[in-house]
Amino acid sequence: MGMNGTVIEVSEVSRHFRIAGHELTALFGLSFAVRRGEFVSIIGPSGCGKTTLLRMLAGLIEPHGGQIRVGGRPVRGPGRDRAVVFQDFALLPWETVLGNVAFPLEIQGLPRGEREERARRAIALVGLAGFEASYPYQLSGGMQQRVGLARALVVDPETLLMDEPFGALDAQTRHLLQDEVLALWQAHPKTVVMVTHDMEEAVYLSDRVLILTARPGRLAREVAVPLPRPRDESVRRSAAFAEAVEDVWSSLRTLVAA
Amino acid sequence: MRDAGRVRRWLRARAAGVAAVLPVLVAWEVVGRAGLLPAVPPPSRVAAAGVALAARGQLWQDGLRTLAALAAGFALAAACGLVLGVLMGRFRTVDAVCGLYVDLFQSTPAAAKVPVLVLLFGLGRASIVATVFLFAFFVITVNTYAGVRTASPRLIEMARSFGAGEAVLLRRVILPAALPMIFAGLRLGIGRAVNGAVLGEMLISIVGIGGLLMYYGGAFRADAVLALVLLIVAVAGVLMGAVGMLERRVVRWAGRG
Ligand SMILES: Nc1ncnc2c1ncn2[C@@H]1O[C@H](COP(=O)(O)OP(=O)(O)O)[C@@H](O)[C@H]1O
Ligand SMILES: [Mg+2]
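Going down the list, the protein sequences come from chains A and B.
So the first sequence is numbered by the numbering used here: it starts at 24 and just counts up by one.
So the second sequence is numbered by the numbering used here: it starts at 158 and just counts up by one.
By construction, these hints were calculated from the structure, which means they are not laboratory data.
Note that beta-carbon positions come from the ideal geometry of N, C-alpha and C, so glycine has one too.
Heads up, some of the hints might be wrong.
As the list claims (entries may be wrong) - Example chain B residues on the side facing chain A (calculated, C-beta under 8 Å, incomplete):
1) R163
2) M315
3) R317
4) G320
5) P333
6) P337
Said to hold, decoys possible - Pair by pair, the computed Cβ-Cβ distance ranges are:
7) A:E46 with B:R249: 13 to 23 Å
8) A:A194 with B:V164: 45 to 55 Å
9) A:W272 with B:Y258: 57 to 67 Å
10) B:I313 with A:R135: 16 to 26 Å
11) B:F248 with A:G136: 32 to 42 Å
12) A:A194 with B:Y258: 52 to 62 Å
13) A:I84 with B:A253: 55 to 65 Å
14) A:G95 with B:F248: 35 to 45 Å
15) B:A225 with A:E46: 52 to 62 Å
16) A:H87 with B:F248: 18 to 28 Å
17) B:F248 with A:P251: 53 to 63 Å
18) A:A194 with B:I313: 27 to 37 Å
19) B:R169 with A:G136: 18 to 28 Å
Work the whole structure out from these sequences, hints included.
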């Protein structure tokens with residue numbers, strides 16, 4: 024598989040939930056593909072199954088119909104080729120920053136010396152050097168999500184799965200972290216699937232934006248972002264950026280019109 | 158020097174407690190000396206009876222006997238309660254099968270279980286250990302269960318996403334989250350275990366501190382009875398304090414999450 028080969032293949036995927044005896048269809052007949060090294064955002068009305076999709080990509084739950092392949096193989100459970108960044112950070116409150124970032128390596132059974140060394144590097148990468156011994160409750164939301172990001176990067180996954188990673192942060196912090204993720208991704212390219220409800224964030228970071236319909240979620244449209252790489256902060260003020268955001272919004276507004 | 162500082166700090170932290178006890182002691186002494194209530198000897202006489210008891214080997218022998226039964230029964234209760242609580246918290250079927258019995262047993266008056274234990278274990282040591290066990294087991298089980306259920310599904314999912322199996326999940330996510338509740342259960346459990354030990358010795362075989370209580374009670378020696386009761390309260394307090402200290406050591410992060 025070359026640099027531009029398909030890494031993720033979602034084919035006719037559907038997923039139901041049973042709530043109080045009722046069958047609820049979260050996703051139905053969803054198909055799309057992601058190329059290696061591509062940054063793809065998923066946007067859609069709330070409740071349309073975005074988190075469900077990400078959990079299936081992560082191997083935490085199974086599709087009820089269709090198939091998901093990652094790296095050519097059907098997904099059967101979590102794997103070292105994928106790592107998740109969670110919206111609510113999901114940090115262990117009784118562990119330090121170092122302990123949290125080293126946790127995935129601990130699960131993999133690496134010896135302490137090696138996992139701490141790798142964890143320290145990941146912590147430095149997200150700009151948290153010096154905070155290794157801090158506990159999550161001592162950190163701001165933005166710093167906590169940097170820890171979440173470092174914890175995902177420490178396993179050096181081929182694919183990064185992010186579920187509204189900046190959704191719980193205030194606007195300024197979100198901006199800053201977007202800039203950092205952009206710089207990180209440009210320096211260390213990875214395949215990224217990011218769920219977001221922020222259109223500007225989707226356009227700023229992505230190569231492609233997938234727009235899902237209201238529940239049951241299907242692919243409504245995809246928008247290729249025509250902004251050149253490498254990008255930086257100044258892109259946000261360009262006319263092309265505003266146009267791309269407008270393009271996404273014009274599709275989305277018809278879907279969320281209640 | 159540092160020890161003196163620590164003692165002073167300890168005293169200052171407990172000044173309110175001491176201030177609350179002193180007037181009661183004084184009033185008690187006055188009432189006792191006045192001889193208004195024959196069953197209430199003044200604290201000075203209770204203290205004297207305590208010293209006299211301590212001077213005889215009997216108290217230490219009986220005390221050790223009680224402590225041994227307490228330790229054995231509590232250790233068993235803690236081990237079984239932790240295991241059952243975790244299993245009930247993690248597996249729905251275990252919860253369905255055992256939950257009903259745990260609730261049922263927990264709400265039975267403890268003293269009503271003692272005759273059954275005598276039938277099962279006879280009038281010896283085993284019955285007293287079993288009493289301690291039964292008194293402490295359920296509260297430890299229920300608290301462990303509740304603690305395990307407080308573990309955040311998001312953290313469990315996070316650990317799973319990085320490939321954690323059930324063992325890692327338990328050791329690194331579920332138990333740490335459950336620790337505050339588990340320790341609360343152990344603290345309650347130790348208080349009940351002391352209850353169980355003394356009650357068992359009084360109701361089953363007249364031995365240990367419970368036996369001494371029965372003996373002096375029968376002889377209408379209120380001073381000695383009160384001295385023994387105070388001793389029991391002190392022992393229970395020390396043991397609960399020890400669990401609390403262990404907790405502060407283990408659960409450094411509690412209440413900050
Ligand atoms: N574990 C679950 N049990 C029951 N219903 C669920 C579960 N997870 C998601 N759902 C339902 O599926 C739908 C899609 O949820 P989700 O994927 O979280 O949407 P989104 O992330 O797009 O807001 C929602 O209606 C939600 O209530
Ligand atoms: Mg969601």
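### Task
Output the numbers, in ascending order, of every earlier hint that fails for this structure.
When the structure is compared with the hints, numbers 1, 6, 13 and 19 turn out to be violated.
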